[in-house]
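These protein sequence lines map, in sequence, to chains A and B.
The numbering used here applies: residue 3 is where the first sequence begins, and numbers increase by one.
The numbering used here applies: residue 2 is where the second sequence begins, and numbers increase by one.
The set of hints was computed from the structure by calculation and includes no laboratory data.
Computed from a predicted structure; not experimentally measured.
Yeah, the Cβ is synthetic: ideal placement off N, Cα and C, and Gly gets one too.
All the given hints hold, so there is nothing to weed out.
Heads up, incomplete: computed chain A residues facing chain B, CB under 8 Å, no partners named:
no., residue
1, Ser98
2, Arg322
3, Arg355
4, Asp358
5, Ala359
6, Glu362
7, Ser365
8, Arg366
9, Gly368
10, Ala369
11, Val372
Residues of chain B clear of chain A, computed beta-carbon distances all greater than 12 Å:
no., residue
12, Pro46
13, Arg161
14, Glu233
15, Val268
Each chain, written out:
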Amino acid sequence: MTARQGVLAAVLGAVALALAGCGGADSSAESGGRVVSVALTDAGCSPAQLQLAAGPVTFEVKNEGAEAVSEFEILDGDRIVGEVENIAPGLSGKFSLTLSPKEYTTYCPGGDSAERGTLTVAGKEAGQASSRSRAAIDAYRTFVTGQTALLVERTRRFVAAVRAGDVATAKSLYAPARIPYERIEPVAESFGDLDPAIDARAGDVPAAQWTGFHPIEQALWVRKTTDGTSALASKLLADVRALERRAKTIELEPAQIANGSVELLGEVSKSKITGEEERYSHIDLVDFEGNVDGAQAAFKAVRPILAESNPALAGEIDERFAAVDEALAPYRRGQGFVSYTELDATDTRALSRAIDALAEPLSRVGAIVVAAK
Amino acid sequence: MSDQSPRFSRARLLVAGAAGAGLAVGGIGLERLAASDTGRSRRIPFHGAHQAGIATPAQDRLHFAAFDVTTDDRRELRDLLRAWTAAAAEMCEGRTVGGATDPLAPPVDTGEALGLEPARLTITFGFGPTLFGDRFGLGPRPAQLADLPLFAGDELDPERSGGDLAVQACADDPQVAFHAVRNLARIGRGIVVMRWSQLGFGRTSSTSRAQDTPRNLMGFKDGTNNLKLEDEQGLAQHVWAGPADDPKWMRGGTYLVTRRIRMLIEVWDRASLADQEATIGREKVDGAPLGGRHEHDEVDLTARTEAGEPLIPADAHIRLAAPKVNDGIRILRRGYSFTDGMDNELGQLDAGLFFICYQRDPRRQFVPLQRRLAQDDALNEYIKHTGSAVFACPPGTAPGGYIGSTLV
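Hey, can you work out the whole structure from these sequences and the hints?
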């Protein structure tokens, strides 16, 4: 569970939506988009009426001396789909997005006669995925559906043991149930309410709303009982079933898949390698591997796209996944891992650095697979 | 990013003001600012026969980092040195690393130096003893790069000592120095890991006659008799590996010794002024050597009190460190005051001097000097050496080359 829903929402909301102002000089050309110039004037947006064809486009916004206007937004209804801010007189900025055929509103707050304008987009929906993109999307969806099915199956068994009051069996079934969840964590996070319901840790949510795996973990390992967990167990099973249903409809673009893999490694750095995730059972290394497996599956889905344009980077990432696996190897015990409590600072530092070394090149993949589309 | 990408000057962004600050690394169509010679916009050229950051005027701030190499592939090491050199040259010019960024990718430059002046940033690279031998086929380590002996009273922490590679980033703005180390660490991820790192907040040496002598955390002027960059003959004699020195690849380079010297601040602060002055051998306020009147007065080691005692005590720091009693040995000191906050074990300030010195051969310069100091210096009552490292800093490079090209 993380508080990064905002980041994820941005990624899921609009694949080609660029972060305002970050546009490199040649990035739009790389992405194959057109460039449209817009000026900020005392009146507001200039021109106030725009007609464009659907597809990717980069807006270059220049302030031609308007003191009261410093911002350009494109709205779809109430939702901002692209914007650039803080464009003082003489400055310019840019952003990119993919336009769908519909009517958008342009908004230049502070303008006196053209504060709002219209952007009419005609043509066919852009972003028809290439066959390689299609293959990546399908491969990752197959992975996600497989993992959610596994999650439901294993959670069902875990919940059955909890309900039967069998502490020992419940404890042995806890880690296996966590693994598929950790592999697809960013997908679960994309459904805002489900991730906190399933995976919140104590303190992440108000105590009265604390549900999911972790209060049961606390009961099993700290209080050493299943007493009082029956309702929690039922809700957990219902929530993972809801996740399974909703995941079936998910459509992730290759860039989102690639960024999801980076997020999974962020999860490792933030809560697994610190021992914060499984603070009662200390099975953090199990989650660690789950996150890495999930990142690798996501990477494998987009790898063919990457390999075409940048085989060296693809090879480097392969090697670094292997290095992470190697770094984990000394801690494997049978099907699982040593308890987190057995790690010292030297161990966690080595693991953390292996993750950093992998995540750095992996973080470049999203932009490359977009450009290659 | 391609070499044709527009480059953005941090300095120009500052001029553009707050409006520009809200924007990210790429995508802002701004030209570079014309060079200026005033204040923090001053630059120190990265390229040259010697690396910058040694015999260039000491800046106010330091971020030093030692790295260990995790690859065993010599090509990867060479590629890293190339990438580091290119990034360092950009940063020292006040530019962002790597040019424009694709909006869907993480920014190439981390961005915290946008809008900041170059601040006389210098980045100096060194090779540690552990880099040599069979590991990368780099040949034997230079004899000058011998391990330092254990000195009396050393309490060295291995986690603050040694390292395969050194990066010394100095600037007048701490954020500029931090930005340099952070971006180099990022570029090196997967090839190197940081072994230890030290921030320094105030220079304790002057390396130019144009600079005032600063005070260290004991409140004394330090480094009055340091080698100065104007003294080219002195530098050639004491600092730079000469045209006949071996190994060949080090000619024009120099050897770096770092020592993390913790000051026992609480104990020092309880010492009387007379004791403090006798310990150092100088007057605290004006910096004059005991028996002298002005800071730069010659240190008279023979002067005696009316009672016949040496005016500068036998165990005073400046006596033991003076070239006169050390066969004329001199080193170029370039240290910084540091604090790492509080020592959790003792609840005392963890602060002191991060001692940095450059020389032609540590075996004949730093080692005999330190041996004498470690044995007899009255200052030892108030200090503890907690970290130690030695590096070979190769010569500088011309544009298009890279630091270490003479070796790797």
